[in-house]
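**Student:** Read off the chains here:
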Amino acid sequence: MLLAVRDLTVALPIGGRLVPIVESVSFTLGAREILGIVGESGSGKSVTSLAVMGLIDVPGARVSGSVRFRGRELVGLAPRAYRALRGREIAMIFQDPMTAFTPVYTVGRQIDEQIRAHQKISRTDARARTVRLLGDMGVPDPERVAGRHPHQLSGGLRQRAMIAMALSCNPALLIADEPTTALDVTVQAQILDLLRGLRREYGSSVLLITHDMGVVAETCDRTLVLYSGLVAERGPTGALFAQPGHPYTAALLDSIPPLHGPRPARLPSIPGSPPAPAERPAGCPFAPRCVYVQDSCAVRPPLVACGEQDVACVLPAEGRPLPPRFVSEMRA
Amino acid sequence: MTYRVGRGQVLRALDGVSLAVRPGEVLGLVGESGCGKSTLGRCLLRLVQPSSGRVVFDGTDITTLPERRLRPLRQDMQMVFQDSYAALNPRRRVGDLIAEPLRVHPAPGGGRRSRADIAARLAELMDLVGLPQAALERYPHEFSGGQRQRINIARALALSPRLVVADEPVAALDVSIQAQIVNLFMDLRDRLGLTYVFVAHDLAVVRQISTRVAVMYLGAIVELGEADAVLHHPAHPYTAALIAAVPEPVVRKEGLPPPLRGDVPSPIAPPPGCRFHTRCPVVRDRCRVDPPVLHALADGREVVCHYPLAGE
Numbered sequence: 001m002l003l004a005v006r007d008l009t010v011a012l013p014i015g016g017r018l019v020p021i022v023e024s025v026s027f028t029l030g031a032r033e034i035l036g037i038v039g040e041s042g043s044g045k046s047v048t049s050l051a052v053m054g055l056i057d058v059p060g061a062r063v064s065g066s067v068r069f070r071g072r073e074l075v076g077l078a079p080r081a082y083r084a085l086r087g088r089e090i091a092m093i094f095q096d097p098m099t100a101f102t103p104v105y106t107v108g109r110q111i112d113e114q115i116r117a118h119q120k121i122s123r124t125d126a127r128a129r130t131v132r133l134l135g136d137m138g139v140p141d142p143e144r145v146a147g148r149h150p151h152q153l154s155g156g157l158r159q160r161a162m163i164a165m166a167l168s169c170n171p172a173l174l175i176a177d178e179p180t181t182a183l184d185v186t187v188q189a190q191i192l193d194l195l196r197g198l199r200r201e202y203g204s205s206v207l208l209i210t211h212d213m214g215v216v217a218e219t220c221d222r223t224l225v226l227y228s229g230l231v232a233e234r235g236p237t238g239a240l241f242a243q244p245g246h247p248y249t250a251a252l253l254d255s256i257p258p259l260h261g262p263r264p265a266r267l268p269s270i271p272g273s274p275p276a277p278a279e280r281p282a283g284c285p286f287a288p289r290c291v292y293v294q295d296s297c298a299v300r301p302p303l304v305a306c307g308e309q310d311v312a313c314v315l316p317a318e319g320r321p322l323p324p325r326f327v328s329e330m331r332a
Numbered sequence: 001m002t003y004r005v006g007r008g009q010v011l012r013a014l015d016g017v018s019l020a021v022r023p024g025e026v027l028g029l030v031g032e033s034g035c036g037k038s039t040l041g042r043c044l045l046r047l048v049q050p051s052s053g054r055v056v057f058d059g060t061d062i063t064t065l066p067e068r069r070l071r072p073l074r075q076d077m078q079m080v081f082q083d084s085y086a087a088l089n090p091r092r093r094v095g096d097l098i099a100e101p102l103r104v105h106p107a108p109g110g111g112r113r114s115r116a117d118i119a120a121r122l123a124e125l126m127d128l129v130g131l132p133q134a135a136l137e138r139y140p141h142e143f144s145g146g147q148r149q150r151i152n153i154a155r156a157l158a159l160s161p162r163l164v165v166a167d168e169p170v171a172a173l174d175v176s177i178q179a180q181i182v183n184l185f186m187d188l189r190d191r192l193g194l195t196y197v198f199v200a201h202d203l204a205v206v207r208q209i210s211t212r213v214a215v216m217y218l219g220a221i222v223e224l225g226e227a228d229a230v231l232h233h234p235a236h237p238y239t240a241a242l243i244a245a246v247p248e249p250v251v252r253k254e255g256l257p258p259p260l261r262g263d264v265p266s267p268i269a270p271p272p273g274c275r276f277h278t279r280c281p282v283v284r285d286r287c288r289v290d291p292p293v294l295h296a297l298a299d300g301r302e303v304v305c306h307y308p309l310a311g312e
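Those sequence lines, one after another, are chains Z and C.
Here the first sequence is numbered in the numbering used here, starting from 1 and rising by one per residue.
Here the second sequence is numbered in the numbering used here, starting from 1 and rising by one per residue.
If you are wondering where the hints come from, they were derived from the structure by calculation, not from laboratory data.
Note that the coordinates shown come from a computational prediction; the quantities given were computed from them, not determined experimentally.
For every residue, glycine included, the Cβ atom is placed at its ideal position computed from N, Cα and C.
It is possible that some hints are incorrect.
Pair ranges (Cβ atoms, derived) [as the list claims (entries may be wrong)]: (1) Z:A117 to C:G262: 26 to 34 Å; (2) C:R91 to Z:M98: 28 to 36 Å; (3) C:P257 to Z:A282: 41 to 49 Å; (4) Z:R200 to C:R54: 32 to 40 Å; (5) Z:A117 to C:R54: 55 to 63 Å.
This is chain C alone, in the form it adopts within the complex:
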């Protein structure tokens, strides 16, 4: 995925990313700002058009599918955004907002859904996300951030999608509310057999909800594997540094590890060799010139590093 940024420069927001989302799993995408995790989430739903490469959804190549043929597939893939307020039209009632996808898309047997069907589905959705029925008659500004996110989830689920891409859905919430919404995501997956791509910068939240985790840095995946393997025994030095940098709500006696130095380089001019070599604490000469490729380790996870820390 590339963007033109003026003066003939090109920003490669995603650079040669390959991954598969398995049915029923929660794939966590983590990384710092600018790593491409949101762009990847949007590419999967073709909310942005990748410059090259393919996105295949359930056997259908959707990369260049015309909009008319893509629309029926869109019922199966939905998105939940970070800003629960911006995602909801403030001038419309919650009931109308959630009913919109039901009015736009045809019923499963073809034809339009009846009013009664839509009302019944709305009632069902309110129960599903833990909101009172009366919420349907109210406006988005009458709700707290956590409740608004429940409304967004209800709307995303209206058409019974199979894949939900959630882009930082709990980042704007206070921790006590965040826990409620994370639990809701987990309950809904169990009840409805959903598949999630969960984009977040918070490693602890991602670990809580994910089956597998992909760690991204400067537009590329650097490590991909089972959530516990990746987060407990990171193979990529960047994953290890990211985990070490998370402030934990526990007072430690042994002191803190030294923080990673420097900033993330500009994606307009990524470093040669390994993208992480400018900040890597265990960098060697080869890393400065020879770009590592994604390869599988003995324990099944994939890593982009010449000298992985674990897994072999």
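Extracted from the complex, chain Z is given alone in its bound form:
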């Protein structure tokens, strides 16, 4: 197992007390696998990925649980050791490539520098590798693009350049936090295509953080659904979308307007909004918005097996799983 996260809890000091933002999150990621972490704003998906990267640097924050990467425990790792790992073995790409690149140097120079920070090779060799990487990422005329500054590139090209920089040291794990959110759909489709190809070409595993269920469905092998800092459901993407086990997953999928098939007169929506971490109920965090809520929801439900997934809900635990999801006819 490349990455095994167990009971990861990240607590931040808010108003004089430690509030758990992310609670007891567990998942594994195998070699050449793409795992999607999906959730709405405030669900804790980005905090989870930052914790894996060792980038939670809020004073007074507490990270507990276990993050094992290639068998090595990362929670509590010294900053120096973490730095050696980041970039070389674990790389990260963000939503906004403009903040990942410095505006004052050319893209090529920044990728060269990243390669030379982790490996002893000459400038010429580093540039040759940069150009090859850019070409592999589908950048047209990579030599010319390497000589340009970030602001001279389009959003799609910048994102390709950032992925090239992330892959420059052949990391085993790539964490992509909303990598296509700022892009137009036609360019998003290109970048997702690229991410899917990485495991083939580079043997990388990808942890994809997104709010978009469509992106997950088209990209990830397995999916982890977070709600208010807790795992609601996790399992193989196909099974999870065909028969969601958690009422939240099901309601979230239903609230997306369909692009094909008949138009619903009204969109099924989830009433209310997710609780703030400090106001999270003691029981199931989704209970106040859930149509299936019952007395036993007052106790926080553990993850139980339900079909091919693990689901944090009392319904499957009581032997009453949700019915399969109705999916209207796809393309004509």
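Place chain C on chain Z using the hints.
**Tutor:** Relative to chain Z, chain C alone:
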């Protein structure tokens, strides 16, 4: 609509766009960033002044109407923006924010509205958008994004407009909240007989709410027609590519279509011939030199393409 962008260059944000919004319909404007959909929405309300062409609202040419004569018409046309927070003054109570248009504009019979009238209208608006009356006493930062968008909608509706231009009103919201606001827009249209121009990049949201859809690319409309016709049987190759690129929350077995190549060209120097020819998967020689014009197909929709994929 053109903008000067320095060095003598001109950005044509909109290039020869013609369309009519019918009373009671929802016209969806879709396209990728930079296609001109927001600029078009703003031109319709004359929030920006078009460089040439005409905007006619209910029989009145408003393109060059002086502000003094435009102001009474503004009551009939309102706008809802994407950023619900930026659109609301953080230092004023929700009640004051929504009452402002009622204080600025005269009552229907002339003269100022009384305090009691304004209070009654505020109460009505809160019910209409599904907010508690207590919300009037609170400040914008005390609300979630979805609730703030309800406040913006209430303010836009304060003067009972006939036309509402909504520019990406749900783009910044989480999906579960987005569904609530889309439903609200649809309910309000049915209850108040509103006409919407709904600007959005999300095709599924646009299909859900629109009667007709205009697809825009590089400052021009490339396809315009009934929402279901355009989105189920696209005639323009760009519409087809846009639909194919939308990631859908369904796991497909047959694999994905190859994505469209390249980026949108710069609107400062749009390609000659058909604007889409540099990325079009079915481009032919004629498309590189001969710009197609908007023409009607047999099924009534309009398309700007020499070789449309459907509708004939």
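**Student:** Run every hint past the structure and note whether it holds.
**Tutor:** Do the hints match the structure? See the list:
1. Between A117 of chain Z and G262 of chain C the C-beta distance comes to about 32 Å, which sits within the given range of 26 to 34 Å.
2. Checked against the given bound of 28 to 36 Å, the beta carbons of R91 of chain C and M98 of chain Z, roughly 31 Å apart, stay inside it.
3. At roughly 47 Å, the beta carbons of P257 of chain C and A282 of chain Z sit within the given window of 41 to 49 Å.
4. A C-beta distance of roughly 55 Å is found between R200 of chain Z and R54 of chain C, which places it outside the suggested range of 32 to 40 Å.
5. The given range of 55 to 63 Å is respected by A117 of chain Z and R54 of chain C, whose C-beta atoms sit roughly 60 Å from each other.
Of the numbered hints stated above, the single one contradicted by the structure is hint 4.
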